[in-house]
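Generate coordinates for the entire structure from the input sequences, incorporating the hints supplied.
Chains as they are written, first to last, in the working numbering: chain R, 1 to 124; chain A, 1001 to 1446; chain L, 2001 to 2475.
Hint data in this document are derived by calculation from the structure and do not stem from the laboratory.
It cannot be assumed that every hint is accurate.
Unchecked claim - Listed below are the simulated PhoX-like cross-link pairs for lysine-lysine, each with C-alpha atoms no more than 20 Å apart in a straight line:
id, chain 1, residue 1, chain 2, residue 2
1, A, Lys1151, R, Lys46
2, L, Lys2301, A, Lys1056
3, L, Lys2360, L, Lys2380
4, R, Lys63, L, Lys2360
5, L, Lys2309, A, Lys1417
6, L, Lys2086, A, Lys1056
7, A, Lys1038, L, Lys2283
8, L, Lys2150, A, Lys1173
9, A, Lys1173, L, Lys2153
10, L, Lys2218, A, Lys1038
11, L, Lys2472, A, Lys1283
12, A, Lys1389, A, Lys1418
13, A, Lys1151, A, Lys1288
14, A, Lys1173, L, Lys2360
15, R, Lys48, A, Lys1151
16, A, Lys1061, L, Lys2301
17, A, Lys1151, A, Lys1199
18, L, Lys2229, L, Lys2150
Claimed, not checked - Here are the computed distance ranges between Cβ atoms for each label pair:
id, chain 1, residue 1, chain 2, residue 2, range
19, R, Asn5, A, Lys1321, 31 to 37 Å
20, L, Pro2023, A, Ala1284, 43 to 49 Å
21, A, Asn1416, L, Ala2284, 30 to 36 Å
22, R, Glu82, A, Asp1176, 33 to 39 Å
23, L, Lys2438, R, Glu78, 54 to 60 Å
24, A, Gly1019, L, Asn2193, 28 to 34 Å
25, A, Gly1019, R, Lys52, 25 to 31 Å
26, L, Asn2037, A, Lys1418, 38 to 44 Å
27, A, Ala1232, R, Glu78, 20 to 26 Å
28, L, Lys2218, R, Met1, 42 to 48 Å
These numbers were taken from a predicted model, which means no experiment stands behind them.
We put the beta carbon where it would ideally sit given N, CA and C, even for glycine.
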Amino acid sequence: MNVPNELFYAKTHEWARKEGNKVYVGITDHAQHEITDIVHIELPEKGKKFTKAQPCAVVESVKSAFDIYSPVSGTVVEVNEELLSSPEIINQSPYEKGFFFVLEMEDEKDLKDLMTAEQYKKSL
Amino acid sequence: MNYIPVNEQDRKEMLSRIGVNSIEELLSLQIPEYLRAKKLNLSEGLSEQDLLALFKKYAGKNKSNLVCFRGAGVYDHFVPSLVEEIVGRSEFSTAYTPYQAEASQGTLQAVFEYQSMICELTGLDCANASMYDGATSVAEAVLLAVRTSRKNKIIISSALNPEYLAVVETYTKNLDIEIVKIETDEKTGALNKNVLESKMSDDIGAVVVQSPNFFGVVEDMQALSETAKTKAALFVTVVNPVSLGILKTPCEYNADIAVGEGQVFGNQMYLGGLTFGFLAVKKALEWKIPGRVVGQTVDKNGKRGFVLTLQSREQHIRREKATSNICTNSALNAFAGCVYMSCLGSSGIKELAETNISKARYAFNAIKKLDGFEPLFSDSFFFNEFIFKTAKNIKKIEKALLKENILGPLNLGAFNKKYKNSLMFAVTEKRTKQEIDKLTDILNRA
Amino acid sequence: MNKLLNEIKSNRNENRIVKCDVPYDISIDDKYKRQKNHNIPNLSESTLLRHFTNLSRRNYSLSTTFYPLGSCTMKYNPLVNEKIAKFEEFSSIHPYQPEDTIQGTLEVMYELERGLCEVSGMDYFTLQPAAGAHGEYTGLLIIAEYFKNKKEKRKKIIVPDSAHGTNPASAALAGFEIISLKSDENGIVSPENLKEILNKDVACMMLTVPNTLGVFEKKISEISEILHKNGSLLYYDGANLNAVMGIVKPADIGFDVMHINLHKTFSTPHGGGGPGAGPVGVKAFLKDFLPIPVIIKENDKFKVSSGGKKKSIGKMKAFFGNFPVLLKACAYIKSLGGAGLKEASEQAVLNANYVLSSLKDKVSIPAGNVCMHEFVLSSKGHLGEGVKTLDVAKRLLDYGYYAPTIYFPLIVEEAMMIEPTETESKQVLDEFIDVLSKIIEESKINPEVLRNAPVNTYVSRLNEVEAARKPKLHW
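See the structure below:
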């Protein structure tokens, strides 16, 4: 299972990548594998605010649906709209092309509450 | 009669494999004695012959096969033999919901064809496999509109069929949804665009308009839709599919959701109990719609096949977050609709609408000539239903007609005191010139 | 062969519509007129008969095969009921006909209501709901209205984790929040767990009895007492009523509101997905909240009444409900009679236990070795490498059986839910048991065969992922 070192991880299998005061958000390789073939995704609107651990997106396979929780508090500044028409990208590239959206963080400290790659690997 | 194909010898062998002496023992292992029921106080079972006799007796208490000039949501249209033959085939009628796609290609392809024809008829992009009836399809459309627009205020025409309106009110009463009704114009029976405009604001999620409306009047849907769109509200239309053979399609006036009652397509009246609601939407709403949807795909060998799809919207997966609680729908009635549409074809559907409107106009013109009958909305455009005010005694008219086996027009006063002395007539293709002339004659003499 | 309707070239279909014997008068203002024509081929009756008859042959149905679909009660649909439903005296009735012209129709509904009351122990029924989920929704709205009337704010509904998906979905639609109740190790409700989550916010608990594992809730009296002491009500999901007709009456054991699936327990055909009917029964104290209209009997005359409208939840569906379904169910009750209904349930229980006993050594039965009318098995650990319950289900299709319900209830891994119903012979059950046992063996010797199944059906395994990723929903 691919768990890149430079990312932060939530218990609910989201990852966060810090770039300045922004974070990219997606789901882990482990999560996409468990969900199996992703067929549909619901993404938040740009400009929407979320607090940490609030449900903000939905990922769906043929026979299941999962809520995705915001790993940190912040405002959505970019949405990966390509996923709407090609949700399989999440399966193919969970950490790169398959990011869900970008948040402008309210407080960088939120990242400290997330797991490191090492911790996440252990939790699996 | 019972339908159990297990005899005493079989039972003994079965009990012995289970390791109990009797069914009673099997039950007592699981159900405490104090919870057990007393003997059912129902009559003894009947043989097939006795059963038929009993139901013939019930049937005989109805006054049936009347020449029907009544509509208001359920209409007397002709049902071709092909529809009854196909829908009666037990391969279709005794199958369950097509969960195992490979063993259900008959039902699945039929639903796909049904969805396709609803799309052809409405011009929209995606139809579901059916709702219970017209009323519940309007209610589900309202919920869909709230879900999509994320606004909980909905404008509804007061000329929506009152049965539908009642169901919408039931469906929305415990949810945080506000229904705003707008009245039709007293003179025309249609909605006035300016009235709608005055009610529009940014917090309106959708505008719901029926056309032809409950009074039979065809609305100016183009103008109403444009007005709704000025505030980015969704436009929801409730349409009679028969009328779509000739009237502007929901797509042509830019509706987002089209719903309606499908009984008129291949289903007998049955007290309003053989119904299906259709629901079609624009592409953008396809993942939000309620109910089952069938999609095309391929099998392992690349052969075309059909499956239930977009299932993660539904209750068996999403539970309380599902787009609707609907599971069992009106599949077989919608299938009757499918066979009916295919039976008529494009040209038949058009001809059906033209025949309805021609016969309705003939009846309208004939009644208009009678003393004591005034059209309620004189200059409005109607499809196959219209209203006359009369000075005559309505009860007497109904009696006189029934005596001649005619189910006459509906007394609108029973719905709304405002329409006291108003009679609503429905004239379908099934009514002959002779029947219409007879109706006119009795009205004249009453 | 595999043509879609629109791929058949138009031929001829003249005189489909009756000749218009009045002047053709179709002038319409352009602003109302349809511009684009539809694309539905014009085909002869013979062409269409063949098209649809060929489609029918690609369906498994009760009239062709054993259909052990758990929770769905796919019992035999008697032919005489279909015949009765075709009587023109019923089919030609308009819903707004005067009462005295529809006495027969009203009597059938009245008789059905009485029959359902007797079977369930409830005091009153509405026949308006069109399906099981619609019935649940109706029942929950009645409960909501009852508390509103008492000026109590109760916003929560308890639903066990083994419940049908419609339960939480209906509760949400009725404006309630859902509390999920974890079943105990035997798959039943534990009064202790219930007490822990119960509070004054709880309007009711929904319960399926027997539950979706086919297990009767032995502690139902205790559960009922706990809830009622708290002022909450108890809702009976009637999906599994076929287990207990004449054996247990839901009203007697503490339930206040229930729905019945006539298309399950009362033998009306399922139509490939509907129409069904989900009548709702209530105890007398909830009578005023029932949907309108109601049918009453006065001096041997049947009447349609919307009186008492004030407290009613309103209307759930236009008019009266799915009348042909109601008619068939009424005929079913009359043909079986009281003793026959009880015997049907008893035989359903016997058949299920017979299949269970015959399979218990080959699979796991998480809820124990005795069941009511259905049981759930888990194939986990009993199949060959990489073979799933789904593959077993698909392989059953190859042998000409419809597959049992799979992956439900959610609390059992690799679940397969088998409900034989009472209308199957011992021989059919024996053959099914043999085939299923054979498939389990086959999974160990030749797992590929299962993973590639079905091969004997009209199409092989279909690509559901692509169907959802790139939806093609019309021609």
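Tested hints:
Under the criterion of a C-alpha separation no larger than 20 Å, the hint pairing A/Lys1151 with R/Lys46 is consistent with the structure, at around 18 Å. As the CA atoms of L/Lys2301 and A/Lys1056 are separated by approximately 18 Å, the hinted pair is consistent with the 20 Å bound. Between L/Lys2360 and L/Lys2380 the CA atoms are separated by roughly 13 Å; this keeps the pair inside 20 Å, and the hint holds. The suggested pairing of R/Lys63 with L/Lys2360 is violated, with an alpha-carbon distance near 28 Å, which exceeds 20 Å.
With a C-alpha separation of about 18 Å, the suggested pair L/Lys2309 and A/Lys1417 falls inside the 20 Å cut-off, and the hint holds. Under the criterion of a C-alpha separation no larger than 20 Å, the hint pairing L/Lys2086 with A/Lys1056 is consistent with the structure, at around 11 Å. A hinted pair counts as satisfied when its Cα atoms are at most 20 Å apart, and A/Lys1038 with L/Lys2283 qualifies at roughly 18 Å. Of the supplied pair hints, the one linking L/Lys2150 and A/Lys1173 holds, its CA atoms being roughly 17 Å apart against a limit of 20 Å.
For the hint pairing A/Lys1173 with L/Lys2153, the CA-to-CA distance comes to about 15 Å; that is within 20 Å, so the pair holds. A hinted pair counts as satisfied when its Cα atoms are at most 20 Å apart, and L/Lys2218 with A/Lys1038 qualifies at roughly 18 Å. With a C-alpha separation of about 11 Å, the suggested pair L/Lys2472 and A/Lys1283 falls inside the 20 Å cut-off, and the hint holds. A C-alpha spacing of about 12 Å is found between A/Lys1389 and A/Lys1418, which places the hinted pair at or below 20 Å, so the restraint holds.
Proposed proximity of A/Lys1151 and A/Lys1288 is supported: the alpha carbons are some 15 Å apart, at most 20 Å. Of the pairs offered as hints, the one joining A/Lys1173 and L/Lys2360 is violated, with about 49 Å between alpha carbons and a cut-off of 20 Å exceeded. For the given pair, R/Lys48 sits about 16 Å from A/Lys1151 by alpha-carbon distance, which is consistent with the 20 Å threshold. This hinted pair checks out: A/Lys1061 and L/Lys2301 have alpha carbons roughly 11 Å apart, not beyond 20 Å.
About 15 Å separates the Cα atoms of A/Lys1151 and A/Lys1199, which keeps this hinted pair within 20 Å; it holds. Taken as a hint, the L/Lys2229 and L/Lys2150 pair is honoured in the structure, with Cα atoms around 16 Å apart against an allowance of 20 Å. For R/Asn5 and A/Lys1321, the Cβ-Cβ distance of about 35 Å falls inside the hinted range of 31 to 37 Å, so the restraint holds. In this structure the hint that L/Pro2023 and A/Ala1284 lie 43 to 49 Å apart at CB holds, the actual value being about 44 Å.
Between A/Asn1416 and L/Ala2284 the Cβ separation comes to about 33 Å, which falls inside the hinted range of 30 to 36 Å. In this structure the hint that R/Glu82 and A/Asp1176 lie 33 to 39 Å apart at CB holds, the actual value being about 34 Å. Range check, L/Lys2438 to R/Glu78: Cβ separation about 56 Å, and the 54 to 60 Å hint holds. A beta carbon spacing of about 32 Å between A/Gly1019 and L/Asn2193 agrees with the range 28 to 34 Å that was offered as a hint.
A hinted range of 25 to 31 Å for the beta carbons of A/Gly1019 and R/Lys52 is inconsistent with their spacing of about 58 Å. Our hint of 38 to 44 Å for L/Asn2037 and A/Lys1418 holds, since their Cβ atoms are close to 40 Å apart. Separation of A/Ala1232 from R/Glu78 is about 24 Å and conforms to the stated range, judged on CB atoms against 20 to 26 Å. A C-beta distance of roughly 45 Å is found between L/Lys2218 and R/Met1, which places it inside the suggested range of 42 to 48 Å.
Hints 4, 14, 25, counting from the list given before, are not met by this structure.
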